[in-house]
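Q: Listed here are the chains, written in short residue letters.
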Amino acid sequence: MRILLVEDDDLIGSGVEAGLHHAGFAVDWTQDGRTAQLALETTDYALVVLDLGLPRMSGTELLKWLRGCGKDVPVLILTAKGTVADRVGGLEAGADDYLGKPFDLTELIARCRALLRRSQGRSVEILRYRALAVDPASQTVLRDDVRVPLTAREWAVLLQLLTHQGIPQSRSRLEESLYGWHEEVESNAIEVHISNLRKKLGADLIKTVRGIGYVVERT
Amino acid sequence: MPKSIRGRLALLVLASITLVWTIALGWSYLQATREVADWDDARLVQLAQFIVLLDQNDLSVLSRTRIDGRTEYAHRPGHANDSDGDKLPREALFQIRDANGRVLASSVQLVSLGAFEAPAEAITGARLITLGGRPWHSYVLHDSASGRTVRVLESTNIRSDLATGVARRIAKPIALALPLLALLVWISIGHSLAPLQALSKAIRTRDASKLDPIEIGPTPIEVSPLVDAINQLLSRLRLSINHERAFTADAAHELKTPLAAIKVQAQVALVAQDVAQQQLAMQRVVQGVDRSAHLAEQLLLLARLDEHHTIPVQPVALGALAQDAIAAIEPDAQRKGMSITLVGDASSEVIAEPVLMDILLDNLIDNAIKYGDAGGRVEVSIRRDAHAVMLTLADDGPGVAAQDIARLTDRFFRVRGNGASGSGLGLSIVARIAECFGARLDFGTGIRGRGLAVHVSFPAAAVAAVQIASSTAI
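Going down the list, the sequences are from chains U and D.
Heads up: the first sequence runs through residues 4 to 222, numbered per the working numbering.
Heads up: the second sequence runs through residues 95 to 568, numbered per the working numbering.
Keep in mind the hints are simulated off the structure, nothing from the lab.
Just so it is clear, the structure is predicted and the values come from calculations on it, not from any experiment.
Please note that a few of the clues may not be correct.
To be verified - BS3-like mimics (lysine-lysine), calculated; alpha carbons at most 30 Å apart, straight line:
| # | chain 1 | residue 1 | chain 2 | residue 2 |
| --- | --- | --- | --- | --- |
| 1 | U | 84 | U | 67 |
| 2 | D | 97 | U | 84 |
| 3 | D | 357 | D | 430 |
| 4 | D | 357 | U | 84 |
| 5 | D | 430 | D | 350 |
| 6 | D | 266 | D | 350 |
| 7 | D | 97 | D | 295 |
| 8 | D | 464 | U | 84 |
| 9 | D | 464 | D | 357 |
| 10 | D | 350 | U | 84 |
| 11 | U | 84 | U | 74 |
| 12 | D | 350 | D | 295 |
| 13 | U | 67 | D | 350 |
Claimed, not checked - Beta-carbon label-pair distances, calculated as ranges:
| # | chain 1 | residue 1 | chain 2 | residue 2 | range |
| --- | --- | --- | --- | --- | --- |
| 14 | D | 428 | U | 94 | 45 to 53 Å |
| 15 | D | 340 | U | 185 | 39 to 47 Å |
| 16 | D | 338 | U | 142 | 43 to 51 Å |
| 17 | D | 338 | U | 155 | 45 to 53 Å |
| 18 | U | 155 | D | 391 | 37 to 45 Å |
| 19 | D | 327 | U | 94 | 36 to 44 Å |
| 20 | U | 188 | D | 334 | 24 to 32 Å |
Unchecked claim - Just some of the chain U residues that point at chain D, by a computed CB distance under 7 Å:
| # | residue |
| --- | --- |
| 21 | 14 |
| 22 | 92 |
| 23 | 108 |
| 24 | 150 |
| 25 | 152 |
| 26 | 155 |
Think of the CB as a built atom: it goes at the ideal place given N, C-alpha and C, for glycine as much as any other residue.
When you get a sec, could you build the whole thing from the sequences and use the hints?
A: So, in structure tokens, the structure goes:
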């Protein structure tokens, strides 16, 4: 799950980045509206966490532009302006949720998960697939009610495939969901993660689509 | 004088009326007295004309009887009910002489008054004489046909009852009317002052937070300036309170950002698994606390500057202060590879307060370092001419866009995208301090056409003393 964080404040930005990363998300952090616009044009994000008071292009402008070009990526607004008018303005400009500063990091992460879940058309947090029960909040996977330990990377690959059932995910798409901008992408990493997942969760879970990538069939 | 307008007005109105009435009364009394005297004279003339025609027998009868002016005239037809006539007897005496001056008849009382032998006046006419210590009206009539001369005397009634009666008749309704008039005056003044009472009630019953204009309906022209003045005061108060509220809201909003940062970093530290990450997060928590503390300090300083206390001033050596400020920030400058130089007339003095001047210099130099380019230059210069001492802070950094220059001293205004985290209050504080000492703040282009220059021109010491004295006197 790759998240775009747009926040101009150094301390808040670095904190949120660390928090989201810790929660298992790949995070791209930009500090101004224009860079965020560029990032959104080139990368497919699962979620945008957006501060409203930004240099070069305000959060509201960015939001209007985003909705104007038909992108329906979920957007969560962060702002210090706590009035009802501000909240309404943000939501009407196309935001999906709102969090006032100072906010709780765990609440921010929970809200991000809820937004992601909703955008994937689920209303319950636990993802069930055949014998698997996957809980993104606690990052746990149960196979026939037995907990299967996964690394953070394996977990991210599994989640990406499970939330896009029936849609083959290319290697680069999977890499994107694994690594933020500042992280080194290891070669062969995806193949290693896929093979580990097959060992841990069953060989028939993930299918290889020749020349394209990998897929988890729709149940 | 009573303190209430109503009492004062009532007293003045009634006093004026009483004064006018008293004058009118006195004048009427004088007029009445004069008329009565004229009437008395006319009566005497009639009596003389009557006596001069009498024969010897009638004269001898008349000389033995008393003639009372009252009986004669009080019972004249048409005057029968004239109750205002004299109450005292009005004795009339006479003496008649023939052409040779021989006395034909005379009232006997004339003898006792010692006026029997009084020489007959040569001319006809009325006059006032004194006989036996009493004043008498005397009238002499010379009848040329018979050659007789008649002298008639009538005692003057000193207390002219007739005149007093007239005076009383005028005075009585006035005396009765005065209390009624006082009541009417009191009520009508009270009624006229109703708008004032309505105004004071409107102010008294007003909620302290309600600052919209007072509306008490149509007001007379004397009261409307007062209502207008109060409404103007209210609108000024409203503006200043709105300004304060906006400032408080802005301040709260500004404080939320460092608080959010502290909270996020603290939570990151809580969940961090490796020590390095935890330490980094904790360092950032400390940074966030420093930032909030700095903001709170700046806010307090602004609030104190806004209290408008008279600030005690003294000559301050600008150069020495600037040197201290530069020395204090040197480590920060070195970290960014920046150089700071002090040029110009370092001995210049300005009339100011040293602690506030320190804050002004710190803010300006700190800004120049914070927003200047790494490896850049900052120049502090002090110049002096006859009228002013000018302090200039110039850098060769990115400068400020023209449209942002005017907003630089606005509270919480920050030039976006410069990467540095300021409170947005530094230049507001500089502007406020400059204002305290009558200095002017201008912005220009920095070193060699690049960056920003901040000029603070203080009035020269001699000029400053006068200016500050006059500004604190307001």
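Q: Please write out, lowest number first, the hints stated earlier that are contradicted by the structure.
A: 2, 6, 12, 20, 22, 24, 25, 26
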